[in-house]
Amino acid sequence: MDDISTFLQIIFWGLYAGCIYILLATGLNLIFGVMKVVNFAHGEFLMIGAYITATIFLLTGINPYVIMLVSMLALIVMGAAVERLCFRPILGTGKLNEIFLSIGLIYIIQNGAAIIWTDEWQSIRSPYNGITVPIGTLDVPLDYILIMIITAAILCGLYLFIRKTTIGMQMQAASQNRKGAMLVGIDVERIDVVSFGLGCALAAAAGTLWVVSGQVFNPYIGSIPAVKAFAIIILGGLGSIPGAVIGGLLMGLAENGAAYLLGGIWKDAISFVILIVVLIVRPTGLFGEKED
Amino acid sequence: MNYRVLIIAALIIAAALIAGCSQSQPAQQQPSGTAAPGAASSGVIKIGVIASLTGPASNVGTNMWNSAQVAAEKINGDGGVTMKDGSKARIQLIVGDDESTATGGNKAATKLITDDKVDILVGGYSSAVTSAYEQVIADNKIPFVVTGASSPIITHRTDGIDTSYVFHHCPTTDTYGEYTTKFIDQVIRPAVNKKLGAAESRPFRLALLYQDTAFGKGVQTAVNNTITKNKLNIQLVSQQSYKMGDTDFRTQLTAIKAANPDAVYLGAFPNEGAPAITQARRDIGLNTIFLNVENNDNAQFYKDLGQYGEGAVIESRYSPYIAPAGAVSDAQNGFKQAYFAKFKTYPDMMGASTYDGIFIASRAISNAGTTDKAAVRQALVDLKMPQVVHAMKDQTISFSPDFRESTFDLWMEQLSMDATAGETRPKIVWPDNLKTTEFVLPSWYVPGPAS
Chain S
10 MDDISTFLQI IFWGLYAGCI YILLATGLNL IFGVMKVVNF AHGEFLMIGA YITATIFLLT
70 GINPYVIMLV SMLALIVMGA AVERLCFRPI LGTGKLNEIF LSIGLIYIIQ NGAAIIWTDE
130 WQSIRSPYNG ITVPIGTLDV PLDYILIMII TAAILCGLYL FIRKTTIGMQ MQAASQNRKG
190 AMLVGIDVER IDVVSFGLGC ALAAAAGTLW VVSGQVFNPY IGSIPAVKAF AIIILGGLGS
250 IPGAVIGGLL MGLAENGAAY LLGGIWKDAI SFVILIVVLI VRPTGLFGEK ED
Chain Y
5 MNYRVLIIAA LIIAAALIAG CSQSQPAQQQ PSGTAAPGAA SSGVIKIGVI ASLTGPASNV
65 GTNMWNSAQV AAEKINGDGG VTMKDGSKAR IQLIVGDDES TATGGNKAAT KLITDDKVDI
125 LVGGYSSAVT SAYEQVIADN KIPFVVTGAS SPIITHRTDG IDTSYVFHHC PTTDTYGEYT
185 TKFIDQVIRP AVNKKLGAAE SRPFRLALLY QDTAFGKGVQ TAVNNTITKN KLNIQLVSQQ
245 SYKMGDTDFR TQLTAIKAAN PDAVYLGAFP NEGAPAITQA RRDIGLNTIF LNVENNDNAQ
305 FYKDLGQYGE GAVIESRYSP YIAPAGAVSD AQNGFKQAYF AKFKTYPDMM GASTYDGIFI
365 ASRAISNAGT TDKAAVRQAL VDLKMPQVVH AMKDQTISFS PDFRESTFDL WMEQLSMDAT
425 AGETRPKIVW PDNLKTTEFV LPSWYVPGPA S
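Here the protein sequences come in this chain order: S and Y. Anchor point for the first sequence: position 265 equals 274 in our numbering, and the numbering is continuous, going up by one each time. Anchor point for the second sequence: position 392 equals 396 in our numbering, and the numbering is continuous, going up by one each time.
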């Protein structure tokens with residue numbers, strides 16, 4: 010293997026990691042953009058999405074890429090329930106309440122999952138396991154190509170939903186000026202439910218892609234990706250969907266580049282090094298707008 | 005929006021969730037080593053079991069705790085522990101969950117010692133976690149039989165923390181790192197040379213992928229030292245590390261493949277080793293021999309590996325699927341059956357050494373005839389008892405006078421596909437007196453360059 014080929018492979022793994030981050034961070038940003046709530050339990054929705062897909066796959070043998078839709082629907086329902094029961098009552102009462110509520114949710118969801126699925130590490134094999142696609146000098150497993158295509162498709166779908174549908178435009182309005190949106194008759198509480206549900210559905214998609222790529226999972230896998238997703242949305246700019254996409258890609262590439270060039274121990278640390286540098290140079294993040 | 009609150013909170017959470025390896029906090033309580041030994045006189049010996057019941061190592065930790073319970077039931081069922089005055093004492097186990105973190109370990113050890121007032125401690129898995137609460141052990145002068153953490157640092161500390169009450173019943177990374185490296189030199193290297201038609205002088209190209217903790221670095225150090233000390237014809241062509249609990253090893257494996265190794269030695273936990281091998285074979289096309297540390301020899305590892313385990317090698321002392329012929333085989337089968345009857349699953353290696361650990365703690369207290377901690381410590385120093393479920397050197401459990409380490413008989417096993425099980429199963433290939441088959445290079449194996 011020559012140097013160029015190795016370099017291209019590292020980029021490829023960075024793009025793959027970036028896809029998971031993008032979906033997670035975009036969902037987080039969607040919720041933050043509309044509701045302005047801080048939900049540290051977002052990674053737990055990734056974990057639940059992963060388990061739902063894996064469980065249905067193991068029980069039925071249906072293609073996990075198809076099950077992803079079921080998993081996303083289930084997480085829309087779960088997200089809506091969490092929004093109504095947990096976040097709505099404390100909305101506007103202060104960031105600390107949101108932070109501690111979400112930390113409580115982390116433990117509740119993690120332990121709930123451990124009771125249902127046990128806390129042993131598990132993994133599944135995608136039906137396309139072992140199939141590779143030649144791309145230039147690389148032989149790339151088909152699953153990773155599918156993961157990138159699906160991520161791009163979900164982002165396109167999300168763009169169209171936000172730009173072209175009434176509810177999407179209402180979400181934009183609520184995100185830009187919540188009071189103004191209420192004054193013109195938009196039911197912002199309904200928008201909150203939709204945004205939270207959609208954000209969780211994106212986390213479920215990330216969870217599904219996590220398991221089809223053969224990554225092991227247990228009830229605790231969501232914590233670290235959630236912390237990184239927060240770093241990504243602060244990096245990209247709070248509330249900015251393009252920021253989350255660029256930030257996610259940047260993070261995936263930087264992590265894998267750092268693991269290759271500096272050693273594996275730098276993989277997680279580089280996320281926060283980049284975050285600090287960006288905040289020093291541009292305090293609102295790459296695509297963030299100035300604070301009110 | 006207040007950025008500062010968000011960022012500070014994110015960093016607090018990051019620190020709490022990612023790091024999990026903070027420095028040990030000196031315990032505040034008074035030493036209890038001289039406390040009156042009342043427990044045994046009341047007919048109960050309290051053994052504290054420190055295990056990771058939650059967090060990333062919970063799979064192994066639960067197995068350790070379950071095994072301790074099976075051991076206690078066996079001892080109590082046989083009449084209990086005989087004390088100096090001839091009376092019998094029952095064993096009472098109390099578990100402390102280290103939460104797979106250093107801070108959790110500190111809490112668990114402190115609670116077991118000060119609140120539950122246990123007479124002796126058994127357990128400890130992650131070396132990083134276990135070494136973090138050794139200050140608590142030292143402050144309280146309580147005997148501790150470590151049955152899971154394998155870094156030599158457990159009893160070789162150079163930072164002034166007193167480990168004289170810590171006894172290590174688990175091969176260290178030094179021991180099995182050296183053992184595995186010698187296997188590579190004596191068995192795999194000649195096989196690769198034969199396949200390549202290469203001269204004996206061709207250096208064997210070994211790559212390392214290790215967890216960046218005391219455990220993983222211990223494996224790395226042991227391999228390097230063994231090569232240097234024994235002047236082995238092994239060249240380390242790539243040494244890659246990763247953070248504990250990582251699930252994506254593709255970048256490190258890509259770098260390893262670029263170095264064209266003849267074999268890869270993993271200093272990894274089972275939840276890391278299985279995905280690493282799978283990613284290497286399936287995603288990277290790294291078709292080589294993967295050597296694994298003994299803690300990977302558990303049922304979940306075989307299940308997670310599936311067909312990608314074919315040809316892999318594990319250094320072992322206890323396997324869910326095989327046992328060396330002889331007395332140990334019966335003991336292991338008895339333990340496995342008792343465990344299965346209670347938990348409907350099978351014990352793993354750390355469970356087996358924790359099972360041993362409860363017997364060791366009981367024997368030490370019996371020999372001391374008291375629960376006085378200094379006396380129990382001395383009994384552990386003087387201990388010579390028959391092996392329990394592990395094959396031990398001279399079939400005897402005793403601790404070395406210098407670093408209080410017991411000596412195990414190890415073996416190497418190679419995995420091959422079992423069509424009935426749908427996954428791989430091990431067979432012993434080394435040493436000669438234990439092997440049931442020969443080590444083979446799989447047909448798909450790709451060595452490094454011939455010269």
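Because the hints were derived from the structure by calculation, they are not lab data. All C-beta atoms, glycine included, are put in the ideal place defined by N, C-alpha and C. Take these hints with a grain of salt, some might be off.
What the hints assert, rightly or not - Capping the alpha-carbon separation at 20 Å, the derived lysine to aspartate or glutamate pairs in DMTMM-like fashion look like this: (1) Y:K346 to S:D12; (2) Y:K431 to Y:E442; (3) Y:K439 to Y:E314; (4) Y:K307 to S:E129; (5) Y:K348 to S:E198; (6) Y:K186 to Y:D436; (7) Y:K145 to Y:D163; (8) Y:K439 to Y:D189; (9) Y:K199 to Y:D413.
Stated by the list, open to error - Derived DEER-like restraints, expressed as beta-carbon distance ranges: (10) Y:N228 to S:I117: 42 to 50 Å; (11) Y:T440 to S:L82: 37 to 45 Å; (12) S:I13 to Y:P194: 31 to 39 Å; (13) Y:P207 to S:F170: 55 to 63 Å; (14) S:I20 to Y:N291: 39 to 47 Å; (15) S:P136 to Y:K348: 52 to 60 Å; (16) S:P136 to Y:K92: 54 to 62 Å; (17) Y:K388 to S:G70: 27 to 35 Å.
Quiz prompt | Index of numbered hints that the structure contradicts, given in increasing order | solution = Checked against the structure, the hints that fail are numbers 1, 5, 9, 11, 14, 15, 17, while the rest are satisfied.
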